[in-house]
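Those protein sequences? They're chains E and Z, same order as listed. Take 1 as the starting number for the first sequence in our numbering and just add one per residue. Take 298 as the starting number for the second sequence in our numbering and just add one per residue.
Please note: incorrect hints may appear among the correct ones.
Anything over 10 Å on all C-beta distances counts as not near chain E; from chain Z, calculated [stated by the list, open to error]:
#1 308
#2 311
#3 312
#4 321
#5 344
#6 349
#7 350
Derived contacts from chain E toward chain Z, CB cut-off under 10 Å, selection only [stated by the list, open to error]:
#8 19
#9 22
#10 72
#11 90
Calculated Cβ distances over 10 Å to all of chain E for the following chain Z residues [stated by the list, open to error]:
#12 299
#13 315
#14 316
#15 320
#16 346
#17 351
By construction, these hints were calculated from the structure, which means they are not laboratory data. In this text, all values refer to a predicted model and were calculated from it rather than measured experimentally. Positions of the beta carbon are idealized from the N, C-alpha and C atoms, including for glycine.
Here's the letter readout for the chains.
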Amino acid sequence: MEDQLVLYGRTFTTRLLLGTARYESPRQLTDAISAADPALVTVSLRRQLSSSKDSGQSFWNLVREARRTILPNTAGCLSAREAVKTACMARELFQTNLIKLEVIGDEVNLQPDPFGLVEAANELVKLGFQVLPYCTEDWVLCRRLMDAGCEVLMPWAAPIGTGQGPRNARALRELRQRAPQIPLIIDAGIGLPSHACQVMEWGFDGVLLNTAVSRATHPVRMARAFANAVRAGRSAFLAGPMIVQQAATPSTPEIGRPFASDSSRLGIKSVPPTISTSSTGGGISNEEIRNEPTEPN
Amino acid sequence: MFVIVNGQPCPFPEPMTLAALLVLLSPPAPFAVAHNEEFVPRGTYEMCCISTGDRIDIVHPTAGG
Numbered sequence: 001m002e003d004q005l006v007l008y009g010r011t012f013t014t015r016l017l018l019g020t021a022r023y024e025s026p027r028q029l030t031d032a033i034s035a036a037d038p039a040l041v042t043v044s045l046r047r048q049l050s051s052s053k054d055s056g057q058s059f060w061n062l063v064r065e066a067r068r069t070i071l072p073n074t075a076g077c078l079s080a081r082e083a084v085k086t087a088c089m090a091r092e093l094f095q096t097n098l099i100k101l102e103v104i105g106d107e108v109n110l111q112p113d114p115f116g117l118v119e120a121a122n123e124l125v126k127l128g129f130q131v132l133p134y135c136t137e138d139w140v141l142c143r144r145l146m147d148a149g150c151e152v153l154m155p156w157a158a159p160i161g162t163g164q165g166p167r168n169a170r171a172l173r174e175l176r177q178r179a180p181q182i183p184l185i186i187d188a189g190i191g192l193p194s195h196a197c198q199v200m201e202w203g204f205d206g207v208l209l210n211t212a213v214s215r216a217t218h219p220v221r222m223a224r225a226f227a228n229a230v231r232a233g234r235s236a237f238l239a240g241p242m243i244v245q246q247a248a249t250p251s252t253p254e255i256g257r258p259f260a261s262d263s264s265r266l267g268i269k270s271v272p273p274t275i276s277t278s279s280t281g282g283g284i285s286n287e288e289i290r291n292e293p294t295e296p297n
Numbered sequence: 298m299f300v301i302v303n304g305q306p307c308p309f310p311e312p313m314t315l316a317a318l319l320v321l322l323s324p325p326a327p328f329a330v331a332h333n334e335e336f337v338p339r340g341t342y343e344m345c346c347i348s349t350g351d352r353i354d355i356v357h358p359t360a361g362g
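Please build the complete structure, drawing on both the sequences and the hints.
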């Protein structure tokens with residue numbers, strides 16, 4: 001069965017969400033979307049600048065032609081009230097109940113305001129929105145957001161636009177363990193494909209990127225790199241990584257090693273062969289030898 | 298009367314509804330509107346009366362992360 005991302009009942013075959021800001025040209029944005037193959041693209045809403053003749057139509061046409069699910073945001077909102085009003089305008093403008101909820105609590109590091117987030121999420125869910133809150137990895141905050149009716153959470157890796165990668169790995173992984181059922185998408189602070197791959201290996205459900213792609217030297221190439229990294233990380237998670245061991249274990253079989261007596265001079269003890277408990281003779285079966293790891297070093 | 302449209306004072310005749318004001322401004326679609334910082338659903342423009350000094354915000358799609 002195909003591995004799918006499910007957000008509010010909508011299914012997606014890819015796990016990357018892409019922001020549309022800070023590209024050098026519309027063409028570059030279009031090409032980056034093609035290369036990243038995102039499940040959703042994020043957009044925003046702003047007043048028309050008096051100097052602008054376009055009013056966002058060309059941008060909107062470009063995004064629509066990309067045929068991706070639209071995720072409007074409430075970027076820049078500093079209170080729950082402001083975020084709710086912005087979400088209502090976004091719903092009418094973009095014709096979707098999906099909303100990436102941002103309530104910023106600190107203008108220096110753009111950290112989410114946990115109190116404003118919960119207040120806004122409660123209100124928006126009552127108004128029929130499908131809320132994807134940009135939050136921190138704080139477990140109690142995440143629980144409150146789930147209690148409010150959020151069916152997806154988007155904890156940060158690091159402050160927006162920093163590219164630092166996951167700053168609090170332990171808390172992020174604990175969050176994943178505490179909330180195994182809800183889709184968790186890492187939003188903000190990712191800088192490298194290895195960061196994206198890492199969080200996907202930890203079992204996060206997706207990654208939302210913008211600056212890491214649009215501010216790369218070659219954004220389209222980076223978009224493709226991120227798409228590959230997210231796929232690799234997801235595949236690794238599904239494959240089930242090995243358990244980290246404290247001691248070295250030879251991967252090449254010890255049995256039949258030539259010059260075995262030399263090991264004593266190096267202080268190496270031979271690994272005792274596995275004794276089959278089912279074997280009446282107490283010897284080693286061929287099956288057990290075949291089951292020894294034989295991958296090349 | 299003067300109405301603050303997207304932060305700029307603009308002269309309009311009185312009385313004025315939001316629907317009439319938008320006909321005069323003819324903002325390119327798509328857009329959404331707030332009146333005195335409150336969202337006004339599209340279907341209620343006719344019922345929204347505008348007074349001097351009121352603030353109108355008209356927003357359009359833009360890039361975002």
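A quick look at each hint next to the structure:
Distance to chain E confirms residue 308(Z) as a non-interface residue, since its nearest Cβ pair spans about 16 Å, more than 10 Å. At the 10 Å boundary, the C-beta of residue 311(Z) stays outside the reach of chain E, the nearest C-beta of that chain being 24 Å off. Every Cβ of chain E is farther than 10 Å from the Cβ of residue 312(Z); the closest lies at roughly 25 Å, confirming the non-interface assignment. In this structure residue 321(Z) is separated from chain E by more than 10 Å, as the shortest Cβ-Cβ distance comes to about 15 Å.
Non-interface call for residue 344(Z) relative to chain E: holds, since the shortest CB-CB distance, roughly 16 Å, exceeds 10 Å. Distance check for residue 349(Z) against chain E: the nearest CB is about 21 Å away, which clears 10 Å, and the non-interface claim stands. With a cut of 10 Å on Cβ distances, residue 350(Z) stays outside the contact zone with chain E, its closest approach being about 18 Å. Interface hint status for residue 19(E): upheld, as the beta-carbon distance to the closest one in chain Z is roughly 3 Å, under 10 Å.
Given hint, residue 22(E) at the interface with chain Z, holds; its Cβ is 7 Å from that chain's nearest Cβ, closer than 10 Å. Hint on residue 72(E) holds. Least Cβ distance to chain Z is approximately 7 Å, under the 10 Å limit. Taken as an interface hint, residue 90(E) checks out: its beta carbon lies about 8 Å from the nearest beta carbon of chain Z, inside 10 Å. The beta carbon of residue 299(Z) is kept farther than 10 Å from every beta carbon of chain E, the shortest such distance being approximately 16 Å.
With a cut of 10 Å on Cβ distances, residue 315(Z) stays outside the contact zone with chain E, its closest approach being about 14 Å. Even its closest Cβ contact with chain E, about 15 Å, leaves residue 316(Z) beyond 10 Å, as expected for a residue assigned away from the interface. Distance check on residue 320(Z): its Cβ is at least 17 Å (rounded) from any Cβ of chain E, clearing the 10 Å threshold; non-interface status holds. Here residue 346(Z) stays apart from chain E, with its beta-carbon at least about 20 Å from theirs, past the 10 Å limit.
Distance to chain E confirms residue 351(Z) as a non-interface residue, since its nearest Cβ pair spans about 16 Å, more than 10 Å.
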